[in-house]
Structure formats: C-alpha cells, structure tokens
Amino acid sequence: MRWIEAAAALGMAAVAVAGLEQSPATSQAQPPPTVQMPQSEGMPPVPAPVIPQPVQPPPFVVVVDAAHGGSDTGARLSGGIPEKEITLGIAARLRSTLHARGIVVVTTRQADVNLMPVDRAQIANRAQGAACLVIHATATGSGVHLFTSSLSPTGNSRFLPWPTAQSAYVTQSLKLESEIDSALAHAAIPVSLGRASVEPMDSVTCPEVAVEVAPLVGGHVTEARPVTDAVYQKSVVDAVAAALEQWRSDWKQ
Amino acid sequence: MISGMVSRAQKYIFFAMLFACVVMAAFLIRLRNRAQDRLQQQGTRAPADIAETTATAPRTVTLYVPNDLDDSLTAVERSIPMPADENAQARVLLERLMEAWRAPDSTHPINAASGVNDVYFLAAPQRRDRAGDEGQMAVIDLNGALAAAQPSGIEPETLTLLSMMETLHANLPTVTQVHFLVDGRPRDTLAGHADLTRTYMASEAESAPGSGGGGR
Numbered sequence: 011m012r013w014i015e016a017a018a019a020l021g022m023a024a025v026a027v028a029g030l031e032q033s034p035a036t037s038q039a040q041p042p043p044t045v046q047m048p049q050s051e052g053m054p055p056v057p058a059p060v061i062p063q064p065v066q067p068p069p070f071v072v073v074v075d076a077a078h079g080g081s082d083t084g085a086r087l088s089g090g091i092p093e094k095e096i097t098l099g100i101a102a103r104l105r106s107t108l109h110a111r112g113i114v115v116v117t118t119r120q121a122d123v124n125l126m127p128v129d130r131a132q133i134a135n136r137a138q139g140a141a142c143l144v145i146h147a148t149a150t151g152s153g154v155h156l157f158t159s160s161l162s163p164t165g166n167s168r169f170l171p172w173p174t175a176q177s178a179y180v181t182q183s184l185k186l187e188s189e190i191d192s193a194l195a196h197a198a199i200p201v202s203l204g205r206a207s208v209e210p211m212d213s214v215t216c217p218e219v220a221v222e223v224a225p226l227v228g229g230h231v232t233e234a235r236p237v238t239d240a241v242y243q244k245s246v247v248d249a250v251a252a253a254l255e256q257w258r259s260d261w262k263q
Numbered sequence: 707m708i709s710g711m712v713s714r715a716q717k718y719i720f721f722a723m724l725f726a727c728v729v730m731a732a733f734l735i736r737l738r739n740r741a742q743d744r745l746q747q748q749g750t751r752a753p754a755d756i757a758e759t760t761a762t763a764p765r766t767v768t769l770y771v772p773n774d775l776d777d778s779l780t781a782v783e784r785s786i787p788m789p790a791d792e793n794a795q796a797r798v799l800l801e802r803l804m805e806a807w808r809a810p811d812s813t814h815p816i817n818a819a820s821g822v823n824d825v826y827f828l829a830a831p832q833r834r835d836r837a838g839d840e841g842q843m844a845v846i847d848l849n850g851a852l853a854a855a856q857p858s859g860i861e862p863e864t865l866t867l868l869s870m871m872e873t874l875h876a877n878l879p880t881v882t883q884v885h886f887l888v889d890g891r892p893r894d895t896l897a898g899h900a901d902l903t904r905t906y907m908a909s910e911a912e913s914a915p916g917s918g919g920g921g922r
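Chains as they are written, first to last, in our numbering: chain A, 11 to 263; chain B, 707 to 922.
Don't read these hints as lab results, they were simulated from the structure.
By construction, the Cβ of each residue, glycine as well, lies at the ideal position given by its N, Cα and C atoms.
Distance ranges between label pairs, derived from CB positions:
id, chain 1, residue 1, chain 2, residue 2, range
1, B, Glu805, A, Gly90, 24 to 34 Å
2, B, Arg891, A, Pro173, 12 to 22 Å
3, A, Asp248, B, Glu792, 50 to 60 Å
4, B, Thr905, A, Asp129, 24 to 34 Å
5, A, Pro69, B, Thr813, 43 to 53 Å
6, A, Pro69, B, Arg784, 50 to 60 Å
7, A, Ala195, B, Thr813, 14 to 24 Å
From chain B, some residues computed to sit far from chain A (all C-beta separations above 12 Å):
id, residue
8, Leu734
9, Arg738
10, Ala741
11, Met788
12, Arg797
13, Gly841
14, Asp889
Work out the full structure: start from the sequences and follow the hints.
See the structure below:
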C-alpha cells in the first residue's frame, strides 16, 4: 500500500515538473494583447509594433576598494607607515569627493579589517558598479601607476568563469584607464600605464583600474613629495574624481 | 734434527723467494700510492675540466633591465660564455639579469645575494585559446631571499616578473610559458601584489605597455 502511495506521490511530482516545463507553452497560449492594424482582405493579421517603455538607466555607482587591511599591511612606505593606512586614507578622501559631486560610492572597507580578495570581488560585483577602482600605494617609482587586468579581452556572456570574469570588461577598463590618465596628466602628475595580474582584479565584473600612488620625484615641473603628503594625495583624488565625472557621461558608449 | 733434513739448496730457494715477496710488496705499495696521488689530482681538477667542456665561446645575449621611474624594460646586450645545457643557460641568464638589479646604479634595485635556485623546463600545457602553442614552460624556482628583498608594489613586482620572462623568451624562444615558485613551493604573491599562482604567457611580457617604455 505504501509503495502505491509513494508511486502516486512520484507521479504527482512528475506532473508538477511537467507543468513547470510546460509553463512557456502556457504563456504562449495567452499572448500579451496586441493591437491589430487595419488590413486588406486575404492578408494575415500583422501585430502592431510594441511601443518600448522608457527604461530607467542603471545608477552610476563607483566601487572604491582600499587594498590590504588587517594583518595584510602591504608595503612599508616612507616613515614606516604601512600601505594599508595610506590606501584607506585615499579611499576615504575619494569617497567624500565623489559624494560631493553626487556620485554613489560603495567601499569595500572603511576600517582596518582583514578582507579576502574573493570578498572584495563579491562586494564589487553585487554593487554592479559603472567603475571599480582599487587603491594601492608604493615607495617605488614616481607619480601614479595605472594598471588594468592582463587578461585578453573577450565578448560578454551570461556566465563568466570566476578567475577570468574581468576579461569581458577589459576593453571598458582600458577606456576608463585612459580617462584617468588624461585627468592626471592635466593635473601635471606623472602617469605610467601597465597591465598586471593582481587579485581580485581578474574576478571583478565592471570596468576596473588599479590606481597605485607612488612618491613624486622632483623634476623640471614637479616638486618632490612623499606618498603621505596630504596636498599630493588631494591632487590625485581630485584628478581621479574629475575623470569619474567624465566617465559618468562616457561609460555607456 | 729438522735442519739436518733441509738441504742447503732448499734454504737458498726459500730465502730467495722471501726476498722476492718483500720486493713485490714494496713495488705494489708504491704503485698504490702513485694511483692514489693521481686520483687526488684528478679530483681537484674536475670542476674546471667540466666547465671547460660545457662552456662554449662567449655569446651575445639580451637582458631586459627594468626601470622603476618610467615603468619600462630596456634591452641591454651582453657577451657572456654560455653553457650548452638549456637549464644552465636559463640560470646564467637570470643570474646576469639579477646582477644588473644589484648594481649600485640600478634602475630597479633589489639587493639579494642569491636569486634563482633552479630553472626547470616542461612541455607547455596546451591552452584552448593558444592552439598550436608547442613551446616549453619554464618553472623558475626563486630564492626566498629575493622575494624578501623585492620592493612591494604592483609596479616593481610586475616589472621583476616581466623582466625575467622577457629575458628568457628573447634568448630561449622556445620558452612560451613561465611559472614561478619560491624556495620550491607555490606562493600567492611575490611581495604582496603580483600574482604567482598563475602561469604567465611569455607573450604577455612582449605586449605589456611597460615593455619598452610605457611610461610618460
């Protein structure tokens, strides 16, 4: 008796599954109402063109990721200051500047906490940012180093492998890098461009650029300044914010 | 009684044979000592002999020396004697490159006494996006001292990797992929930034904007 009950239950479940599979057919049986155009005799009915509804543009969100944090101190900069402190300071300054310009900002961390690369990528991907910036600092080189993922660009698809998800956004990342490069050059800050493989950049699904701030080496037009210099940091942040404001009107193209 | 039984002739033969035994023993001991001396002399000369047989005439090689200030790699030609063995060639190339990093006027200073433990070659694994790539993968086992002395940052670490990849690929064109270990073990990053968990394509170094002057 119990076998029969079980078989009956299975049968009902199978019907339920079949019903689910048939749901598209059911929806076909009840098509959305269409307006019939006036037609001549003998011609098949032609559905009227569907008037497109106005689509709300996705919000312009910028994700700012202050690299390192917690036990991951990053590089040692001038005066023995750990990189994690400098990146957090620059990220906070950039967040305030972007807020003042009316741009929505999502940050990965606002305190000295441990954050795994996979968590950073998840925060960025959930925010569906129009631009994602990773802030780094180093004691080597001069000016600002801009890096995009070293992955080869690929077409966008519905499912992206986690380790190479950025490949679908590399072309846009390069455009964003170009905007930031122009803004920094306008602010007379030396810039170098490069491709690099740094976690979690390759797993992020938005146009992403790593902004690595190095000390300013004194030259003909520049005055020597350490990474910790507040005036230097402000000039970098202002230039990046100006580039993102420009990106707000360019990123959909 | 017994002496009376041994004839005088037998006595002469006995002493003559005893004398011959002593002479032969002395001769053999002398031969053994000579052989020992000869072996010892060969043992002390062995490394030099091997070097003479394996090192060939000086060859012009190209080293890609990084410059931290403008994020570029500069090709520098050197004439150095290269061993015949490919693994040894790779080690010599990388050691020469690291000498440039250690130089007092270096544009990419890394002050590590030793840099490379070894270089191994494997058949490059086929990749879906690189059909027909039948080159070799070089596995570079870096010394922990080099990783410890490496300045931390995306730019300096990336330049270090690109410089090694470009130098190997330029002088050993069959090297198409490069993987890095530190003290024989896989490691997440070189010094907190550049990813060492992945295998790099040698062509990445060629196409990197930093290669040959990406800075401005």
